[in-house]
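Participant: Residue-level listing of the chains:
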Amino acid sequence: MSDEKAIAPKKFIGASVSRVDGRLKVTGKADYTADYNFAGEAWAFQVKSTIAKGHVRHYDISAARKAPGVVAVYTPDNRPKMYPPKRQNSGGVIVSEQLGPLDGYEIHYYGQDVAYVVAESYEQAREAASLVRVSYEEEQPVAAENASKLMPPEDVNGQKPHMEKKAAGVSTVLSAWEASPTKVDVTYVTPVEHHHPMEPHAVLAKWDDDRLTFYTPSQWMYGTRNFLAASLAIPQEHVRVISHFVGGGFGCKGSSWMYMLMVAAVARDLKRPVKFVMERENMFTSAGYRPTTTQRLMLGAGADGKLKAVRHLSQTAQSVVGNFVEGTGHASSAVLYASPNIEIDHQVYKLNANAPTFMRAPGESPGIYALESALDELAVELKMDPVKLRLANMTKYDPMNGLPFSSRNLEECYRAAGDSFGWSKRPQGPRATEDGDWLVGWGMATASYPAQRSPCQARVRLLSDGTAEVDCATQDLGTGTYTIMTQAAADKLGLPMEKVKARLGDSTEPEAPVSGGSQSAASVLPAVQMACDAALEQLADLAGGDAQSPLHGMKRDDLLPVDGGFRARNDSFKKESFIDIIEKSGKGAIEAVAKTEPSGGKTMRQEQGFFTHKSFAYQSFGAFFVEVRVHKLTCETRVSRLSTAMDIGQPLNLKTARSQVMGGATFGIGAALTEHTIRDEKNGRYITQDLGTYHVPVNADVPEIDIQFVGPPDFQFNSLGARGVGEIGNTGIAAAIGNAVWHATGARVRELPITPEKILTALQAGRPDRAV
Amino acid sequence: MNNFTLTAPTDLPGATQSAARPGASFIAGGTTVLDFWKLGAYPMQSVVDLSGLPLKGIQAGPGNLKLGALETMNAVGEHPDVQAHWPVVSQSLLLAASPQIRNMGTMGGNLLQRPRSVTYRNPDPKRQDGPSRFDAIFGVTPSSRAPHPSDLAVALMALDASVRIQNAAGAERVLKLSDFYKLPGPDLRFDTLAPGDLITALEATVPFAGRSAYIKIRDRASYQFAVVSAAAVLDLDGSTIREARLAAGGVGTIPWRLPKIEQALRGQPATPEAFVQALTGLGDGAVTHPFNQFKVALLHQTVLRALLAAKAIA
Chain A
1 MSDEKAIAPK KFIGASVSRV DGRLKVTGKA DYTADYNFAG EAWAFQVKST
51 IAKGHVRHYD ISAARKAPGV VAVYTPDNRP KMYPPKRQNS GGVIVSEQLG
101 PLDGYEIHYY GQDVAYVVAE SYEQAREAAS LVRVSYEEEQ PVAAENASKL
151 MPPEDVNGQK PHMEKKAAGV STVLSAWEAS PTKVDVTYVT PVEHHHPMEP
201 HAVLAKWDDD RLTFYTPSQW MYGTRNFLAA SLAIPQEHVR VISHFVGGGF
251 GCKGSSWMYM LMVAAVARDL KRPVKFVMER ENMFTSAGYR PTTTQRLMLG
301 AGADGKLKAV RHLSQTAQSV VGNFVEGTGH ASSAVLYASP NIEIDHQVYK
351 LNANAPTFMR APGESPGIYA LESALDELAV ELKMDPVKLR LANMTKYDPM
401 NGLPFSSRNL EECYRAAGDS FGWSKRPQGP RATEDGDWLV GWGMATASYP
451 AQRSPCQARV RLLSDGTAEV DCATQDLGTG TYTIMTQAAA DKLGLPMEKV
501 KARLGDSTEP EAPVSGGSQS AASVLPAVQM ACDAALEQLA DLAGGDAQSP
551 LHGMKRDDLL PVDGGFRARN DSFKKESFID IIEKSGKGAI EAVAKTEPSG
601 GKTMRQEQGF FTHKSFAYQS FGAFFVEVRV HKLTCETRVS RLSTAMDIGQ
651 PLNLKTARSQ VMGGATFGIG AALTEHTIRD EKNGRYITQD LGTYHVPVNA
701 DVPEIDIQFV GPPDFQFNSL GARGVGEIGN TGIAAAIGNA VWHATGARVR
751 ELPITPEKIL TALQAGRPDR AV
Chain B
773 MNNFTLTAPT DLPGATQSAA RPGASFIAGG TTVLDFWKLG AYPMQSVVDL
823 SGLPLKGIQA GPGNLKLGAL ETMNAVGEHP DVQAHWPVVS QSLLLAASPQ
873 IRNMGTMGGN LLQRPRSVTY RNPDPKRQDG PSRFDAIFGV TPSSRAPHPS
923 DLAVALMALD ASVRIQNAAG AERVLKLSDF YKLPGPDLRF DTLAPGDLIT
973 ALEATVPFAG RSAYIKIRDR ASYQFAVVSA AAVLDLDGST IREARLAAGG
1023 VGTIPWRLPK IEQALRGQPA TPEAFVQALT GLGDGAVTHP FNQFKVALLH
1073 QTVLRALLAA KAIA
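Each protein sequence line maps, in turn, to chains A and B. When you number the first sequence by the working numbering, it's gap-free, plus one each residue, and the end is 772. When you number the second sequence by the working numbering, it's gap-free, plus one each residue, and the end is 1086.
Just so you know, the hints here were simulated from the structure itself, not pulled from any lab data. The structure displayed is predicted, hence computed values, not measured ones. Please note: incorrect hints may appear among the correct ones.
[Claimed, not checked] Where chain B lies over chain A, by a calculated footprint (3+ residues, C-beta under 8 Å):
| no. | stretch |
| --- | --- |
| 1 | 634-647 |
| 2 | 698-710 |
| 3 | 749-757 |
The C-beta atom is built at its ideal place from N, Cα and C for all residues, glycine as well.
Please put together the full structure from these sequences, using the hints given.
Facilitator: Quick look at the structure:
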């Protein structure tokens, strides 16, 4: 049916389509976890350790037990039996923090769960939780970023911690760097960042005999199901996870967390539904974050700008109770530019802190920030335009493994976004433009994110009323999955979108992978298309085999699905509606289930279990061009213009794809300028405990974002030619902003976020009058 | 449960007498009190709702300012007379918080709002502010290094404003803001109010307040407490400074007036060079650590910017 594309043009895929669930959301009818209530439900509340290392000496739960409405108080003394996994990745489960709930008296980090209180109402549970008295034997925690021993991690998302390639005759990458005519050697630091989706983590656990229904906002229906089944020692089919709507995830709802297990176990123990909604403050300590990174970039180049050596040496923080690795160099310098000599090294150190986890563009976001900032510094050394420097180092092949990129149009990204921005008018030197009291600067950087997909299943049912249902246990994090599933099925089936109902967020539906690694759209939609094809095949067989049908004797290839039925390809007067075909069949509905196995089926890159065809490297690229204004005296930075072009293959829905890039860029503005979780280096406690001190960007921080999509569909990658767009928008942007700050002020700030005092301090270094 | 009783008096004696009882607290906009109460950091047995009291009114002529204690931040900040004759007050209010909070927060409550710091937010006294960039550099005591959060108070401090107070016995007194605030002790209180004392109005008399400005520095463009802020009021005689009034925010455990700088500016030409000259010694007495030592330099720039903004007013 390859000619069908030419004959029946795509109607919905690629168009700008409003969200099918938009009305539900703006009218408050979207059913989020915390909206559910069951008769007889009780509420659970966490009690957290106030020390970062040591052990519990004594619990006094007498006051809490006596408090009004209290049903139970759980401590390690009476916690229900549980069998949580001991590794981050095991059999369809991701667990970033492996410390079981209330597993003993030892304290490993500040904010560790030490008790759970269950009461009749949320308020009573919260009140009683404040009455639990815990006394500790406190020890000195390892809390300062440089206090712990460095060591290589077991692996960095499936790759070796140390990777290098060398040209013939080169003894070490270091020696190649030393021999380079122009060099930079710079170190960048990125802080702890928290996801803070608008919707907090929540659970409603309900048991019916030995079966568990588990409402929770999750980025992975099956992963959460598998985690609960294994940890509660029940069959996987006995767990149903429901997540119709997720109010943002950004990675923190991708891993399964121990609070989920605890609430499920408590509900089983108490034989009643138990509800839990996490406090904003506890989201700092219960559901992961992006760890601190320190990255040393050593770039060497010739006068023509061609890179002769790249060394990217990273140190990132880990938790004593987790082994997530923020793979900075592996996700940036190993992928972006041609160089004969590349060395990537990664070391980790353990802290008494809760476990970090995936956060939007894990690895890429801080890694590309460091690389793209260092390239800007190299461009300054070379007296070369930053775009020209990058153009001197383009590659058609993955620099480390030599595989050709399936589709790579980065030069076009620079051109399109640069033209739109007006980059050619940029003065080369810093501090060249003033507007009143504001210094104006321009900066750019490359964005990039791998394209990934996993096996996925979907089911399509064509009903006797002419409507269709598309089911897949995928997730919609607010990204638009409902909408693009509807678009894809409507196109395939020849139905208007209103006749297609997409259902997701329920583990009883066919299996889909984790919504991580920007892979959901690329994984789910091919499965939806396959299921639609299979259903059409059945319908064609029915019509073709029906002597009464105008389409009698015809095969699927002879038929076009249009206007709710089939039409003969060579005779537009011969047609039959799906309603008629189904009615005559006596079946009531036509159902088809399909499973995609990405071609080749061999693992090329393993990250959270993704896999793609191994004869190509699949990677999306983009470019950010940014104008900032920095106040001459007080050094606040405001982003005033932002142009970007993204090469993501076929955008599935221009509206939601644009929103993804817009959200990513906003995320990046936060990372660049405001977001920073501060931990006390002495006692390991978080100093930022709320959204009043953890500063995400507000509307006033975000200018209009000019977005273009460039490049052809990538049919090597999947049947839609579409690579994911969830995370690329959060890469490169922080570097572009930092580079623009340098261009505006002459100050190079190498530690995020770029707050006013860091610019002022850099400007005044040795020249206290400089910023006057 | 942490229950409380609620009374809603309609006259001042009713309000002050109810509030004089142990464990009683006033509530006006509630934008601080309810937050802290929910955190367990503001215990109250009885709550006296002020919304029925006749404590409104905005008088903002040239030279004289009187603000009813129950006027909201937005009502005052957006008032044309306040904007025309008391720009430092208007700016400090409109740069604060969010529109929603400004619609609820009141003049009296604003002066009393508590820092959103670990020390203040947590009932557990062991949970103290760790050293961070947020910390105050002036007025730091063994009990607190949390900077006072109010923008309005900084503007009023520069204006040498007064707080009109009625007590439970029906007596009225007027306190200069500098006497209204005190450095926080072990109970973390930074005001000198007695139980039952009710702020009824804020007042200022400054003939040259039309030449004034409030500058607030923060990481993001809105909805953040000041990293550093400055209020400047200038009285010019031609191009010579007859008098200058300066106060700073984000740097003190209470709003911090800068009398030495004011003194140094007096009689000087209103030029950037003279401003910078006068700012020598701005950081004297600052208590800093590596995470907040930048505040001296940033305060210097912020005060300078406030002086330039005030001077620029025609």
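Participant: Against each hint, give a clear statement of whether it holds in the structure.
Facilitator: Comparing the hints with the structure gives:
1. Here's how the stretch 634-647 of chain A fares: 4 of its residues keep a CB closer than 8 Å to some CB of chain B, so the rule of at least three is met and the hint holds.
2. Residues of the stretch 698-710 of chain A with a Cβ under 8 Å from some Cβ of chain B number 4, which satisfies the need for three, so the listed coverage holds.
3. Counting residues of the stretch 749-757 of chain A whose CB falls under 8 Å from any CB of chain B gives 4; the rule of at least 3 is met.
Checked against the numbered hints given earlier, the structure satisfies every one of them.
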